[in-house]
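Here is what each chain is made of, one letter per residue.
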Amino acid sequence: MKVSYFPGCTLKTKAKDLDVYARKCAEFLGVTLEEIENWQCCGGVFTTSRDEIATKLSSVRALKEAKSKNQPLVSVCSACHNVIKQTNAAIKDDAEFASRVNNYNAPEDAYNGETQVLHYLELLRDVIGFDKIKEKVVNPLTGRKIAAYYGCLLLRPGKVMAMDDVENPTIMEDFIRALGAEPVIYSYRNECCGGYITLESKELAKAKSEKVTSNAKDKGAEAIVTACPLCKYNLQKNGGDMPIVYITELLAEALGIKE
Amino acid sequence: MQRIGVFVCWCGSNIAGTVDVQAVSDALGKEPGVVFSTNYQYMCSQAGQDMIKQAIKEHNLTGIVICSCSPRMHEATFRKTAAAAGINPYMVEIANIREQCSWIHKDMKEGTEKAIVLGRTAIAKVHLNTPLVPGESPVTKRALVIGGGIAGIQTALDIADAGFYVDIVEKKPTIGGKMAQLDKTFPTLDCAACILTPKMVDVAQHERIRIFSYSEVEHVSGFVGNFDVTIKKKARYVKEDVCTGCGLCTEKCPQKKVPNEFNLGMDNRRAIYIPFAQAVPKVATIDADYCTMLKTGKCGVCSKVCTAKAIDYTQKDEFIEEKYGAIVAATGFNPISMDKFDEFAYSQSKDVITSLEFERLMNAAGPTAGKLVRPSDGVHPHKIVFVQCVGSRCAACAEKGKEYCSKICCMYTAKHAMLTRDKYPDTDVTVFYIDVRTPGKQFDEFYRRAVEEYGVHYIKGMVGKVSPEGNKLIVQGSDLIANKQLKIEADLVVLAAAIEPDKSARPLATMLTASMDTNDFFTEAHPKLRPVESPTAGIFLSGACQGPKDIPETVSQAGAAAAKVIGLLSKDKLTGNPCVAHSDEMMCNGCSTCEKVCPYGAITYQDKEFRGPNRTTLIRRVAQVNEAVCQGCGCCTVACPSGAMDLKGFASKQIMAEVDAICK
Amino acid sequence: MENKKDVCNEIIRRSGVNPRKCMKCGKCSGTCPAYDEMEYHPHQFVYMVETGDIEPLLKSKSIYRCLSCFACIDRCPRGVEPAKIVEAVRLSVIREQGNNHLKADDLPAMLDEDLPQQAIVSAFRKYSK
Chain A
0 MKVSYFPGCT
10 LKTKAKDLDV
20 YARKCAEFLG
30 VTLEEIENWQ
40 CCGGVFTTSR
50 DEIATKLSSV
60 RALKEAKSKN
70 QPLVSVCSAC
80 HNVIKQTNAA
90 IKDDAEFASR
100 VNNYNAPEDA
110 YNGETQVLHY
120 LELLRDVIGF
130 DKIKEKVVNP
140 LTGRKIAAYY
150 GCLLLRPGKV
160 MAMDDVENPT
170 IMEDFIRALG
180 AEPVIYSYRN
190 ECCGGYITLE
200 SKELAKAKSE
210 KVTSNAKDKG
220 AEAIVTACPL
230 CKYNLQKNGG
240 DMPIVYITEL
250 LAEALGIKE
Chain B
0 MQRIGVFVCW
10 CGSNIAGTVD
20 VQAVSDALGK
30 EPGVVFSTNY
40 QYMCSQAGQD
50 MIKQAIKEHN
60 LTGIVICSCS
70 PRMHEATFRK
80 TAAAAGINPY
90 MVEIANIREQ
100 CSWIHKDMKE
110 GTEKAIVLGR
120 TAIAKVHLNT
130 PLVPGESPVT
140 KRALVIGGGI
150 AGIQTALDIA
160 DAGFYVDIVE
170 KKPTIGGKMA
180 QLDKTFPTLD
190 CAACILTPKM
200 VDVAQHERIR
210 IFSYSEVEHV
220 SGFVGNFDVT
230 IKKKARYVKE
240 DVCTGCGLCT
250 EKCPQKKVPN
260 EFNLGMDNRR
270 AIYIPFAQAV
280 PKVATIDADY
290 CTMLKTGKCG
300 VCSKVCTAKA
310 IDYTQKDEFI
320 EEKYGAIVAA
330 TGFNPISMDK
340 FDEFAYSQSK
350 DVITSLEFER
360 LMNAAGPTAG
370 KLVRPSDGVH
380 PHKIVFVQCV
390 GSRCAACAEK
400 GKEYCSKICC
410 MYTAKHAMLT
420 RDKYPDTDVT
430 VFYIDVRTPG
440 KQFDEFYRRA
450 VEEYGVHYIK
460 GMVGKVSPEG
470 NKLIVQGSDL
480 IANKQLKIEA
490 DLVVLAAAIE
500 PDKSARPLAT
510 MLTASMDTND
520 FFTEAHPKLR
530 PVESPTAGIF
540 LSGACQGPKD
550 IPETVSQAGA
560 AAAKVIGLLS
570 KDKLTGNPCV
580 AHSDEMMCNG
590 CSTCEKVCPY
600 GAITYQDKEF
610 RGPNRTTLIR
620 RVAQVNEAVC
630 QGCGCCTVAC
640 PSGAMDLKGF
650 ASKQIMAEVD
660 AICK
Chain C
0 MENKKDVCNE
10 IIRRSGVNPR
20 KCMKCGKCSG
30 TCPAYDEMEY
40 HPHQFVYMVE
50 TGDIEPLLKS
60 KSIYRCLSCF
70 ACIDRCPRGV
80 EPAKIVEAVR
90 LSVIREQGNN
100 HLKADDLPAM
110 LDEDLPQQAI
120 VSAFRKYSK
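Those protein sequence lines, which keep their order, are chains A, B and C.
Each residue of the first sequence is one higher than the one before, counting from 0 in numbering that gives the first Met the number 0.
Each residue of the second sequence is one higher than the one before, counting from 0 in numbering that gives the first Met the number 0.
Each residue of the third sequence is one higher than the one before, counting from 0 in numbering that gives the first Met the number 0.
It should be emphasised that the hints constitute simulated quantities derived from the structure, not laboratory data.
Worth double-checking, as some hints may not be accurate.
Said to hold, decoys possible - Calculated cross-link-like contacts (lysine to aspartate or glutamate; reagent style EDC-like; alpha-carbon spacing at most 16 Å):
(1) A:Lys236 / C:Asp111
(2) A:Lys201 / C:Asp111
(3) A:Lys218 / B:Glu468
(4) B:Lys572 / B:Asp659
(5) B:Lys231 / B:Asp106
Nothing here was measured: the structure is a model prediction, and the numbers come from that model.
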């Protein structure tokens, strides 16, 4: 099976592990990630304003290309996924917004939100299946206590992202279980790490990230797993000695394909 | 040709404000068949009615058209007026020029034109009206109350005390409902059990009340005064009439790990159990999901220890059929699930509990024998945070919360806070609230006492997040008055979960053909004037199944429902609705279409002998309408392919005449 | 005065938020992770836009403290979506000529070698036009 893949800028630079293992693991599990041609940066954050058109066009182009191939569009970076999925929903729900987007982007070939947008975790859960992954695990992570960090972007806004229950999600915990490790539930798993504020206010980012890692540690976590490069950066920088790993690294390790 | 009188009502300024009533009566006075037309300020008043009666006599009227409010409001009034003046009440037609005209139009010209059209339509119908005489049906002098909480108990006692037989159907093994789980009751702080259990005993001992506990209503048919009900008595594997309630079996049963629903799963019970000491009926019940004997055939301890020989592992569900004149729904409420509100960490910490769980923790018969301790470690909490409106007033999240105010939470939270401070002065109590709503006798005084005398901290604001950290719960919320975000280290967090109707209400409503609102509360026949009756005749509403209610309100409504039931059961005969379907046998082709669409089971088929040409006879299968069962909905008249089915008072040709009058 | 109304109406239109849906429970501010860094808090943004008291918001640094975490959007019991109001207010400011909050020249001092691109593009998208 082939799906369209939007890697995003950070996955080509600072977060190569997230990208490389996403492709390898998917291939190993029978899904080829076909990189969208000439993709452009998603912008990192979704602008909620209804009159922000240009900032959403890169997402629309990617969605459109996936539509032309009749493939779902998968990304692994939480931020890219959030921006693309919110853009797709805005096009579906807001006809005025959709028509303005299409006026920018070849109105004769209008895009109306047809593409299915999947996060890599959803690809694993809904397309491949955690059961199947469990069967393919050669290095089960038995005995390891791993805390899932959802942050904000994977889950919210819940109505749009619709990946899981916003306040009590299970997708990453089920993923951790499928790899043979023990998930650690802690309440800050869906609280913000500080995100881009790290640029302006190191103190605020530090306060937010420390809270996440200390809460995970308090509940017995030995490592935190995330899908977002910025979360990883903030947690790593401020989280003391708590190891922060990408979901794809963990997956590759369990599947025995990590170098 | 009819001699028709037209009476246009001003309804004060309700109609006359937007409709030129003089122009309407003038225009309608010129319609064919109209011999008298007038208008008056309040047609429903005594003077207005006298005006109608006098006109009937003076002008020998045979048909009446009243242009006024909705027929739901005053049709009965004007029919009585007509009957008093000697004409058949079904010769009266109402043109609704208020709800359907003056109230929805702003422009006088448009309103007046529409009122004239509506009046003309009613005149066209009256031309084809025929006098109708309603039939009568007997009344079964026995009532059914569904639900054995305080609402059902009070309704049953009041009906039985008036001399009628009542059956209570309760799905749990005992009556008592939610009130039996409560500790104290606001605003007087009486112990709930102390005031409830005597009533439960009264029910058990009442010669005219039967309790079907551990039972459910399986099927309902019939109509007001004549309901046929099937009750399923679920197998409890204990002979109810033999068990003495000694409780020995519940002590000896080796299956000890069954979550005790009476204590909301905060402790365990045995597989054979009596929910609580004052249960009525006080008999044991075997939980088939956990009983080793029923599951594997190996155990039988309860049977061995029972000296009364009451255990019967072979018991089957039993079905009882009974006739009732009236049915009361008293199915009650439940707190909503906290699964979708995990920002409050209910699933993450045992020390985040709901208010009902708090009741059990405070109750001397509860899992901690009334000692307030944290469920996680049994340690006494020194800091408790109460959060109001969890899932109530929640418009954004229909899939998890409720848009309405649950009404009871402000008061029980004040009670919990006060009782905590009273019993444990070393415990600090904070309540987060959006609004404190205390409209009830002695309610606000009670809440103020909690604040002023008991030192409960009330903070205007909502909690955004509860985070279990170490053995504490960090409660992050806003204090809108101080304009601060607070982070409080609490030992226990209590969530005032929204309440919702019991899940059994929806299927029951379908069986009863009783209407419900979008929240699954039963709808009343009129929100102000008929609050304890369902729009379906013979179905009455008691307690929280109609809307959130506290105990005093529930008891009042239960009594009101009982009064309505008594009023119904006191009658020997009920006058039916003459506007029912009838079949023209000569046109009926026996196709059964009407029988299939009839929601009330009012149509049957009969083989009948008809005279054919040349002195021959032939047998034909034709539809028959049971006029007592027919509700006059008209489904059959629309479905009938040969046009044999028609509705008295709403005949197809009358409807067509109305349509013609509108389109003219 | 009229101008203030226009600005508020534009903010309401652009955000798609109806501030009248707010029941003033304060859950948004109770949940906001940047609360302590803000002079005006999420519930105040909603209230001040509703009542036309817009100038203090336009001048406040609070508009740059929102983390776009959307927690207030998901936890609001009335579906008000305060974060969208905050964003719309911020756009009213940074869309004006010369009002960029983050300038390219400021950037080198903020970087370190691990900082992901994502942080830079996100900050530019939120703070500058």
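Q) Is the straight-line distance between the alpha-carbon of B:Lys231 and that of B:Asp106 16 Å or less? A) violated, 59 Å
- Query: Keeping to a limit of 16 Å between CA atoms, is the pair of A:Lys218 and B:Glu468 held or broken?
  - Reply: holds, 8 Å
Proposed proximity, C:Asp111 with A:Lys236 (alpha carbon, max 16 Å): holds, 11 Å
- prompt: Quick one, are A:Lys201 and C:Asp111 close enough, alpha carbons at most 16 Å?
  reply: It holds: about 12 Å lies between the C-alpha atoms, which stays within 16 Å.
Holds or violated: B:Lys572 to B:Asp659, with C-alpha atoms at most 16 Å apart: Violated - the C-alpha atoms of B:Asp659 and B:Lys572 are around 40 Å apart, more than 16 Å.
Violation of the numbered hints given earlier is confined to hints 4, 5; the remaining hints are satisfied by the structure.
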